[in-house]
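Going down the list, the sequences are from chains E and Y. Counting along the first sequence from 1, when you hit position 291 you're at 291 in our numbering, and nothing is skipped either side. Numbers in our numbering are just positions in the second sequence, counted from 1, shifted up by 295.
It should be emphasised that the hints constitute simulated quantities derived from the structure, not laboratory data. Among these hints, one or two may not hold up.
Claimed, not checked - Calculated cross-link-like contacts (lysine-lysine; reagent style DSBU-like; alpha-carbon spacing at most 35 Å):
| # | chain 1 | residue 1 | chain 2 | residue 2 |
| --- | --- | --- | --- | --- |
| 1 | E | Lys64 | Y | Lys389 |
| 2 | E | Lys216 | Y | Lys430 |
| 3 | Y | Lys430 | E | Lys64 |
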Amino acid sequence: MTALPVTDLESSAPPACAIARPRKADAREDPPLVRRAIIAVAVGFLGLFIVLPLINVFAQAFAKGIETYLSALRDDDTRSAIHLTLLVAFTSVLLNGAFGLAAAWAIAKFDFRGKNVLITLIDLPFSVSPVIAGLVFVLLFGLQGLFGAWLAAHDIKIIFALPGILLATIFVTFPFIVRELIPLMQEQGTEEEEAALSLGASGIKTFIRVTLPNVKWALLYGVLLCNARAMGEFGAVSVVSGHIRGETNTMPLQIEALYEDYQSAAAFAVASLLALLALVTLIAKAALESRVGKD
Amino acid sequence: MVVQRRRSVIPGFGITMGTSLLWLSLIVLLPLAALFLKTTELTFSQFVGIIASRRVLHAFQLSFGLSLAAAAVNLVFGTIVVWALVRYRFPGRKLLDAVVDIPFALPTAVAGIALTNLYAESGWLGGPLSQLGIKVAFTPLGIFVALVFIGLPFVVRTVQPVLEDLERELEEAAASLGASRWTIVRRVVLPAVAPALLTGFALALARAVGEYGSVIFIAGNLPNVSEIAPLLIVIRLQEFRYADATAIAAVMLIASFLLLFLINALQRWSETRAGNRA
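Full structure from sequences and hints, please.
Have a look at this one:
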């Protein structure tokens with residue numbers, strides 16, 4: 001019986017609170033029916049257009065059983081495609097990472113005229129069709145290209161060979177790392193570097209000990225995105241590769257070759273590896289985003 | 296580019312700027328310049344002859360028309376997705392948010408064969424749809440589906456931060472003045488996110504126009520029916536008709552640069568709007 005007034009007191013507390021903050025949440029609240037409809041449409045649209053294709057990759061890859069799946073991945077041409085893709089992605093990340101750090105240093109730590117033009121030019125590959133990214137290198141180094149005759153005379157192969165694949169991949173992944181670094185380094189300013197330098201540290205040492213630790217997560221984030229795109233690039237590489245199986249076929253090109261041979265299960269088996277890479281990239285990206293947020 | 300440096304104690308400007316400009320020129324600027332150089336080898340009437348041919352015109356019409364349609368669909372559904380993600384709390388919201396990035400991360404060739412298989416007559420969706428008399432795979436409708444797939448994250452990721460930053464006081468003020476919920480959304484929220492919506496639309500459009508990998512598997516690639524402009528470039532290259540490939544590419548490149556210019560202008564507008572409000 002004595003507990004009753006206490007419960008009364010407690011139950012009267014929320015309304016008092018609601019009076020103190022006059023209907024704040026309500027102003028942005030939609031009617032329940034609208035709310036339910038919007039969530040249903042969002043879930044339905046994403047499920048139908050985005051999730052279902054992804055699930056289909058794995059369903060088709062295992063449609064003919066695990067044995068078919070494994071033997072598809074053991075195929076020599078497929079293995080060579082995997083090796084080539086790893087090599088190309090590693091090289092692209094390395095070169096674009098080095099460029100990204102250099103360019104971000106110049107852009108973020110110094111003031112100069114034309115900075116915005118330079119940033120726009122760096123972003124340019126994003127707005128170029130992958131097919132055109134491949135085409136420009138054919139026009140330069142192909143047999144009928146600007147340097148074609150000279151290259152042929154010196155027996156140097158760029159198009160339909162590894163160098164062409166590398167050039168095309170580096171082109172399409174060009175902005176990925178540098179555009180993660182520039183805003184962060186601009187925000188961080190130059191004070192820490194100036195302090196290190198005034199204490200007698202060399203420029204290189206300042207970069208390695210001060211700048212690099214400050215941007216390591218953004219750098220890793222950029223590397224992740226650059227790597228995913230480099231491994232998955234299709235259009236640009238397709239134009240310059242020549243499609244030689246076991247030699248110049250990357251994983252996406254091998255998928256195309258298998259699919260056109262009506263080896264659907266094998267094509268989806270290779271595709272499932274790239275889909276897995278995409279999922280791992282997204283998970284790592286989410287983990288990094290929370291970390292970058294904390295820094 | 297005029298480079299003028301402010302006095303600074305930080306070292307390494309010369310070397311980092313030098314390597315950056317050199318690398319940028321070698322990988323991006325010179326190759327793109329080579330494309331325009333190659334185009335100048337054509338006379339004006341040759342250029343027009345290539346571009347105005349029936350097959351090329353149809354490819355452009357198809358690429359730009361379907362890209363506009365796909366970007367428009369993404370604008371509508373992208374906005375609904377953003378609204379659900381930003382304004383509501385429901386189980387699975389974080390997962391839904393992550394799902395949006397899948398088209399960014401999934402390689403285009405993988406998306407291409409997955410969509411083709413899904414919408415082919417033997418596929419999960421193609422089967423039921425064909426009973427309704429709707430053919431998706433190997434028709435322009437299939438191209439449209441692929442372009443919707445790849446364009447969605449551009450709209451969502453452009454609009455999402457703007458809606459998140461929208462001050463709640465704006466809507467509360469409107470509500471306290473007696474405006475209905477629908478009026479508030481239409482007259483307060485929509486104008487505030489309009490620049491971001493347009494930017495997202497333009498980004499999705501720019502991506503769709505140049506898209507190749509996810510489209511060519513599902514398109515069917517019939518000349519004058521379902522042949523997109525990027526594919527026609529590839530076909531002309533394989534036929535060693537470099538001049539044709541270059542002319543088509545030059546038109547597409549100019550279109551993308553115009554879009555890029557528009558997107559930059561939109562983003563500046565979006566930023567000044569946000570700035571004025573703060």
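We went through each hint and held it up to the structure:
Restraint check for E/Lys64 and Y/Lys389: the C-alpha separation of about 33 Å stays at or below 35 Å, so the hint holds. Of the supplied pair hints, the one linking E/Lys216 and Y/Lys430 is violated, its CA atoms being roughly 49 Å apart against a limit of 35 Å. Of the pairs offered as hints, the one joining Y/Lys430 and E/Lys64 holds, with about 26 Å between alpha carbons and a cut-off of 35 Å not exceeded.
Comparing the model with each earlier hint shows a violation of hint 2 alone; every other hint is respected.
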